[in-house]
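The hints should help you fit chain B with the ligands onto chain A, whose structure is shown.
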Amino acid sequence: MTVRPDRPEPMNAVPVRHPGRWVAVAVLAVLAAMLVHTVVTNDGFGWPVVGDYLFSPPVLNGLKNTLILTILSMAIGIVGGVLLAVMRLSPNWILSAVAAVYIWVFRGTPLIAQLLFWNFLSALYPRLSLGVPFGPEFVSFDTNQLINQFAACLLGLGLNEAAYMAEIVRGGIASVEHGQTEAAGALGMSRAQTLRRIVLPQAMRVIIPPTGNETISMLKTSSLVVVIGYFELLTSVQRIYSVNFQTIPLLIVAALWYLALTSILSVGQGFIERRYGRGLQTGPPGPSLLGFLRRSPEERAA
Amino acid sequence: MTPMVEALGIHKSFGATRVLRGVDLVVQPGEVSCVIGPSGSGKSTLLRCINHLERIDSGRLRVDGHLVGYRERNGKLYEMRESEVAHQRRDIGMVFQRFNLFPHKTAIENVMEAPVVVRRQDKAAARARAVELLDRVGLADRRDNYPAQLSGGQQQRVAIARALAMSPRLMLFDEPTSALDPELVGEVLDVMRGLAREGMTMVVVTHEMGFAREVGDALVFMDEGVVVEHGAPREVLGNPQHERTRSFLSKVL
Ligand SMILES: Nc1ncnc2c1ncn2[C@@H]1O[C@H](COP(=O)(O)OP(=O)(O)OP(=O)(O)O)[C@@H](O)[C@H]1O
Ligand SMILES: [Mg+2]
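Protein chains in written order, with the numbering used here: chain A, 1 to 302; chain B, 303 to 555.
Treat the hints as calculated values from the structure; they're not laboratory data. Keep in mind it's a predicted model, so treat the numbers as computed, not measured. There's no promise every hint is true.
[As the list claims (entries may be wrong)] Listed next, the stretches of chain B that the computed footprint assigns to chain A, with coverage defined by at least 3 CB atoms under 8 angstroms from CB atoms of chain A:
id: 1; stretch: 426-433
id: 2; stretch: 448-459
id: 3; stretch: 485-499
[Claimed, not checked] Not the full set, but computed from the structure, chain B residues with beta-carbon under 7 angstroms of chain A:
id: 4; residue: N353
id: 5; residue: L355
id: 6; residue: R391
id: 7; residue: R392
id: 8; residue: V418
id: 9; residue: Q423
id: 10; residue: V517
Cβ atoms here follow ideal geometry from the backbone N, Cα and C, with glycine treated the same way.
Just chain A, same shape as in the assembly (with noise of 0.2 angstroms):
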């Protein structure tokens, strides 16, 4: 290289070395060499199991219901958050008051004991009715009818997860500064629209991290439906090894599934951040395939 007369010259010293890093770096490779030949050699791993199941019509069932479960309670739990939040956060100390207790029942008591009540509601209460307290009643079905299993999983776990939520937004919302909610405040907002416009847009960058983690949770979390008899994923591979006795290959199959599906999330999550992130970066926004098309060709062309 060349060096320009006008330019100082490059630091020419000897860098830092850092032999203990390559010690670790070697034992590593070691253990890692030593792991990838117990598991191709090892026959206990049953491999070839493994592929005949990992596409199997129960597995997939399972695989099914596992998608479903996560999917409709983590909505629950959002949505319930979301307004056992803003409750918590009301100036109403009554509905301030009922959230906190909520809260604190449900993230306070075991889920699998939540998921049985659930489950066992019949017993409790034969016939739900709605109508007025000691008056007429409107309607009434039988429990058990009302709340199967699928619906007493739904309850147990979206419930229970909505206390979580509400921490979640909770911190989110108060991570937000007062002089936005004032800003919007004197621009003739409504509370409502203030909330909904200018602070869950910016609460998202603080709630969507911990929101990743606890739907990458309840994934696995969703496999204690088996107490009250439902079926997932792990429970569908329980069941085929149960019979056939290759434990290991099929909780390999499950274990893939769920890898699988993390990933996915992780990477929904990854753009899901970007989205709420925007303008709140310092300088000038990443690269990033949309913010490049919608910048004007000369800018493109800087």
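Relative to chain A, chain B with the ligands alone:
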């Protein structure tokens, strides 16, 4: 003529701190009133009472003849519902010391937000008007920038355009240039000067004595929650009548 702002005997406390202790202030339509005074004298609080961001404890506060935050019927006061307060605030623009632009929206989106959401204007019309307003504050080329990509002076000018987009009849400025580097103060004051020239009624809390002298129709000196002195800027600045005014001015001029 109905005064644009008419404050009579305004009191306001935060807990045990008595911040406003009987403030009287009248601003006629088209007038620019500048409010000066030491830190903690209650200038911001007074301004925030005018658009009901703070609720007054006693006194009467009218904007354009209407009580702010209350309705009076048969000699009895009724508190306004939240939606009525919001409705009242449409006609009162406010510019904050720390700009308070919406960081997740571009400059033009900031300006369009309230007309679209509050006045339910259609997007195209709101956009055309926002373009016009940004042009007027000299930011035609910064429309699509997010606040974080703008200098303080540019952000404050967007904030002024945002307030103007609601076509307010009264503009409140709370130390609009105090958070700015000295070389950026001028561009914001220029925009405000233009507004005053067009006849906008303004109440400006400021430390810019030059601006107050040149643009202000009235100068109000506040200290410890009361208006100590008030009159034509040249009079108050050149020939203060009260000892407190004199000692404050000797420190800032
Ligand atoms: N929300 C609040 N809660 C409690 N005290 C408050 C609140 N807002 C203002 N104060 C107090 O009221 C007093 C007056 O505040 P204000 O902001 O009106 O003063 P100011 O004249 O605008 O001062 P500055 O020039 O520093 O902006 C201060 O002592 C302040 O601490
Ligand atoms: Mg102030």
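Hints, verified against the model:
Against chain A, the stretch 426-433 of chain B contributes 0 residues with a C-beta closer than 8 angstroms to a partner C-beta. That does not satisfy the three-residue criterion, and the hint is violated. Counting residues of the stretch 448-459 of chain B whose beta carbon lies closer than 8 angstroms to any beta carbon of chain A gives 4, which meets the minimum of three for the stated coverage. For the stretch 485-499 of chain B, the assignment as covered by chain A is violated, since 0 residues bring a beta-carbon within under 8 angstroms of that chain's beta-carbons and 3 are needed. At about 6 angstroms, the closest approach between the beta carbon of B/N353 and any beta carbon in chain A falls short of 7 angstroms, and the interface hint on this residue holds.
With 7 angstroms as the threshold, the beta carbon of B/L355 comes within range of chain A, its nearest partner Cβ sitting at about 6 angstroms, so the hint holds. For B/R391, the shortest C-beta to C-beta distance to chain A is roughly 5 angstroms, which falls under 7 angstroms, so the interface hint holds. Satisfaction of the interface hint for B/R392 is found here, the shortest Cβ-Cβ separation to chain A being roughly 4 angstroms, below the 7 angstroms cut-off. For the restraint placing B/V418 at the interface with chain A, the shortest Cβ-Cβ distance is roughly 9 angstroms, beyond the 7 angstroms limit, so the hint is violated.
A distance limit of 7 angstroms between C-beta atoms decides the matter here; for B/Q423 the minimum to chain A is near 13 angstroms, and the interface restraint is violated. Interface restraint check: B/V517 against chain A, minimum CB-CB distance 22 angstroms, threshold 7 angstroms, status violated.
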